[in-house]
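So the sequence lines, in the order shown, correspond to chains W and F. In case it helps, the working numbering puts the first sequence at residues 1 to 537. In case it helps, the working numbering puts the second sequence at residues 538 to 1029.
The set of hints was computed from the structure by calculation and includes no laboratory data. For clarity, every value in this text was computed on a predicted model and none was experimentally measured. Glycine included, C-beta positions come from ideal geometry on N, C-alpha and C. Hints may be right or wrong, so weigh each one.
Some chain W residues flagged as far from chain F (calculated, every beta-carbon gap over 10 Å) [as the list claims (entries may be wrong)]:
#1 L176
#2 G470
#3 T487
Cross-link-like lysine-lysine pairs, in silico, PhoX-like; alpha carbons within 20 Å at most [unchecked claim]:
#4 K641/F with K838/F
#5 K116/W with K702/F
#6 K982/F with K170/W
#7 K116/W with K29/W
#8 K475/W with K326/W
#9 K641/F with K841/F
What follows is a list of derived Cβ distance ranges for each label pair [as the list claims (entries may be wrong)]:
#10 S451/W with P766/F: 48 to 58 Å
#11 K982/F with G26/W: 19 to 29 Å
#12 T898/F with G26/W: 31 to 41 Å
#13 L202/W with R578/F: 33 to 43 Å
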Amino acid sequence: MQPYLLSFLIFTPLVAALAAVFIPAGAVKSFRWLALLVSVLQVFVLLQLLVAYNPAGGLQQVEQQPWIVISLGAWGVFRAEYFVGVDGLSLPLVALSVFILLIATISSWQTTRQAKGYYILLLVLNAAIIGSFVALDFLLFYLFFEFMLLPMFFLIAIWGGPRREYASIKFFLYTLLGSVLILIVMIGLYISVHDPSSPGGLVHTFNLLHMADPSNIVSHAIFDPHNVWRLGRLDARQWAFLLLFFGFAIKLPMVPLHTWLPDAHVEAPTPMSVLLAALLLKIGGYGLARIALPIFPDAALYFSSFIGIMGVISIVYGSLNAMASKDLKRLIAYSSVAHMGFVLLGLAAVTPEGVSGAMYQMFSHGIISAMLFLVAGVVYDRTHDRTISHYSGLSSRMPAYTAMVLVSFFASMGLPGFSGFIAEILIFLGAFKSASTNGLLHESLAIIATSGLVFGAAYYLWTLQRMFFGPFDLKGGIQPEQITDLTLREYIQLAPLALAALAFGIWPQPVLSIIDPFAQQFCEHVLTVGKSVTFKL
Amino acid sequence: MESGLSETIALVRNSLHAFVPELILSLGILLVLLAGLLNRRRGRLSLMVFGVMLLSFVSLPYHAEPFAHTLFGGMVRSDNFSAYLRALIDIGGVLTLIMAWRDKRADERLSEYYSLLLSIILGAHLLVMSQNLLMTFLSLEIMSLCSYVLAGFSFTRQGAEGSLKYFLFGAVASAVMLYGLSLLYGFTGTLDFSSETFSAALQQQQTPLVFAAGLMVLAGFLYKLAAAPVHPWAPDVYEGAPMPVVAFFSVVPKLAAVGALLKFVLVLNAYGHSAFDWQGVLAVVAIITLTVGNFSALWQKNPKRLMAYSSIAQSGFLLVGVVAFLPQGMQFMLFYATVYVIMNFLVFIYLQSFENIGLETIASYQGLGRQRVWPMVFLLVGMVALTGLPPTAGFTGKLFIFSALWEAYALSGKPVLLWLLVMGLLNTVVSLFYYLRIPYFAFIKNGESTTSTNNLAFENLFGLLLVLLLLVLFFSPGLLMGWINKITFVIR
Chain W
1 MQPYLLSFLI FTPLVAALAA VFIPAGAVKS FRWLALLVSV LQVFVLLQLL VAYNPAGGLQ
61 QVEQQPWIVI SLGAWGVFRA EYFVGVDGLS LPLVALSVFI LLIATISSWQ TTRQAKGYYI
121 LLLVLNAAII GSFVALDFLL FYLFFEFMLL PMFFLIAIWG GPRREYASIK FFLYTLLGSV
181 LILIVMIGLY ISVHDPSSPG GLVHTFNLLH MADPSNIVSH AIFDPHNVWR LGRLDARQWA
241 FLLLFFGFAI KLPMVPLHTW LPDAHVEAPT PMSVLLAALL LKIGGYGLAR IALPIFPDAA
301 LYFSSFIGIM GVISIVYGSL NAMASKDLKR LIAYSSVAHM GFVLLGLAAV TPEGVSGAMY
361 QMFSHGIISA MLFLVAGVVY DRTHDRTISH YSGLSSRMPA YTAMVLVSFF ASMGLPGFSG
421 FIAEILIFLG AFKSASTNGL LHESLAIIAT SGLVFGAAYY LWTLQRMFFG PFDLKGGIQP
481 EQITDLTLRE YIQLAPLALA ALAFGIWPQP VLSIIDPFAQ QFCEHVLTVG KSVTFKL
Chain F
538 MESGLSETIA LVRNSLHAFV PELILSLGIL LVLLAGLLNR RRGRLSLMVF GVMLLSFVSL
598 PYHAEPFAHT LFGGMVRSDN FSAYLRALID IGGVLTLIMA WRDKRADERL SEYYSLLLSI
658 ILGAHLLVMS QNLLMTFLSL EIMSLCSYVL AGFSFTRQGA EGSLKYFLFG AVASAVMLYG
718 LSLLYGFTGT LDFSSETFSA ALQQQQTPLV FAAGLMVLAG FLYKLAAAPV HPWAPDVYEG
778 APMPVVAFFS VVPKLAAVGA LLKFVLVLNA YGHSAFDWQG VLAVVAIITL TVGNFSALWQ
838 KNPKRLMAYS SIAQSGFLLV GVVAFLPQGM QFMLFYATVY VIMNFLVFIY LQSFENIGLE
898 TIASYQGLGR QRVWPMVFLL VGMVALTGLP PTAGFTGKLF IFSALWEAYA LSGKPVLLWL
958 LVMGLLNTVV SLFYYLRIPY FAFIKNGEST TSTNNLAFEN LFGLLLVLLL LVLFFSPGLL
1018 MGWINKITFV IR
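Just chain W, same shape as in the assembly:
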């Protein structure tokens, strides 16, 4: 067992960012080599992490240090920890993050304008993303969660497209609103929960694992299941769950809270679109699976139909919007909304298949959406125009590019043989089985959700037909000599993603074997604890 692997992952980019502060701004090349070096180092650490990981071992690579411990007299002790670890939920996402961050760094290669600021922000973002996937202390998680916003805001706002100012502030305000909702619950939770392992005085802890165990809740606290407090028809735990749910659903994003996403994606520079879609959205799903559902399982069961329905609405509404989009990036952004709807549906089912599927969908969508945005970036780099109707018959001039587009589109529409198919089939299975095993979701939800596949095929095939096939033609003042095929650097970015989407579609077992124990344990926890709390222990 290698100690401190996770800390190494988190702090390497931070140290590099600090070092970059002292490099003169003129040395543009040194910044990108530094960022690449960090990403490569992280890949090596990740490999060690994967080798050391034991799928049946639960939580691993744990590092636990007291961080803020303040004794407050009669009220008790305020205790937050530096507590990180990986399990079946976080390891695939950490692996995905390291991989995608490497690709995004390569894809940033041409950024020379204000390179110093760009790479410092990218490195900080890198640390915050990985940190939020491994943090097991609520305060620590919240720190990383919030710390992602500011770098992303500036990365979109300074290096983005024409409407970047509007899009970046919208992104920031929406996500901050979400995190404030989470903050309200976080404060209430740490006041309600005590640390069972420290004898004597009352220790208010931020430990997420302690929070998930209802026996650690101080009696008569606000989130005590016996609390009779009600606002409207809901009790305190149900309200708290809803706040957490909406907080993370903004990030996910779920219809109708998704409107920041298309704007942010369209205006963000390509590498940031990749990070947004592949990693930042996942933190929404991760937060639901790590925090909202396990801590308030009773409320999660109570609202499972609602979550499932919202998931299905996201699938259908996102798909329809994608179909109506005129801008290639906007189309991909809406397809992300639809795909994240599947995550909601899978989690709402609380069946091992559904939860595994949701986790696998996050992993697979990370790969596929990164590829989609890179693909959209290729054409944008050449012409600065993403309007679908301005292109026709590109396949004749860009055969390699067309091949990559085909792979990414087919993977995203859930064609068998690609990772998206495995995830979505698992989610359908799980959602369908839910009616007969735990009775949470109606069968019709799974059936309506399958329409997402049909819509997906429709908008992708239609786009293929419009942009890539037929006679070669360009509109909107694009010159034919601007249309050139992939460069080596673009191959380097796209090929690994295409291979990964294919490999994890044909042979999902390595990832599923990591996810599966977590999914089993997750469902058992939510169902048993949820039911016992519902009946007031």
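Since the structure of chain W is provided, determine the placement of chain F on it from the hints.
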């Protein structure tokens, strides 16, 4: 008070030992005025004032154990709550002095300027110590009268307007407060509001008139705190006054007022036995203050006015700590107040340096992020801290005060506290929008690209120090909470 002259003298003499900081300040005021007549060299004068503030700061009673000395027959009391606030006030004074030293325009009437600053600090000291209605009013008036003059110290039209508005509003607020105080005196027969007689008399007569009198007195404190609905003076005064004075106003009188308010309202509330819901009243005031401050700030084009509304909103956050009516609420409020001093001065010190190079509107900050990278980055940290985002102590402070509020809500179950919690945190989102306006113009709006200059060396060193403090207090708030923890709050 039928005591003989000799007894009175003995009383005064026995009180003097615990009154050293205030004596130093009083002597300092006179010395600075005299020195101004003889010698107008700014360096020497500034050094002298610095010395006075430093002496006052180090002579404060720092005891690890809780203590309380009632001085001058119940006029004022020195305890560790007031000592902490006084220390914070002195720090605010020193920071203001550093800013004023960089303000070349203040040369003309420097000794008056400094002596007025010192007088306000003295008034603030007395206010947080006072436990007598009359003393409270007098110390508040020391602060007010000097503030009116100081508000107009830029000697411009705008300054005069701000100063006059401040004076007119302030005079009314003082009159109302005095009337309230006189009513309370009539009801209780004593001026010592910490005494047993006072609270016993209040408890016996819970009439609406007592409620009205209490409200009137609160209005006086809230006026100094620039809390809604008695806040409208703040933007005009801030806009017209010199930048160091603005920074000073946004910190020192507020701290003094919130300290005195806390003591007073606990008595009014009769430790929970009052028939009137003072907690609810303050919670409503806090909600209005937060909302009005934040929403009005959204439309501002002038950095000073923006900060005026920001400081109104921040008063709301200070009130959140008071509203909890819990010991840890008081401690968390002190933590927040400390962080507030740091982050506010961090912002003002750069606003001043930018004003010195002629940037008067937010729009004129365009492109400054490239031109002056470090000042803008530090200013950004200050703004982020005021918004309350990690990893700055601004977040820790908000986390703390809202924790106290949650706890208070869990204990009392009053819906208004829940509303305050939700409104307060949602207001954070609103505040982000305007706090980011200056960084937004500086970094994102592209001005003409000029070569970067970083000739704000002094400000940068100073700013870096404050930035580091904000970060350190985020990562280990225990450093400060360790001290604050030892402060127990006893009213008598």
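For each hint, the structure was consulted:
no., hint, result
1, L176, "violated (5 Å)"
2, G470, "holds (40 Å)"
3, T487, "holds (29 Å)"
4, K641/F with K838/F, "violated (25 Å)"
5, K116/W with K702/F, "violated (48 Å)"
6, K982/F with K170/W, "holds (16 Å)"
7, K116/W with K29/W, "holds (10 Å)"
8, K475/W with K326/W, "holds (14 Å)"
9, K641/F with K841/F, "holds (19 Å)"
10, S451/W with P766/F: 48 to 58 Å, "holds (55 Å)"
11, K982/F with G26/W: 19 to 29 Å, "holds (24 Å)"
12, T898/F with G26/W: 31 to 41 Å, "holds (32 Å)"
13, L202/W with R578/F: 33 to 43 Å, "violated (59 Å)"
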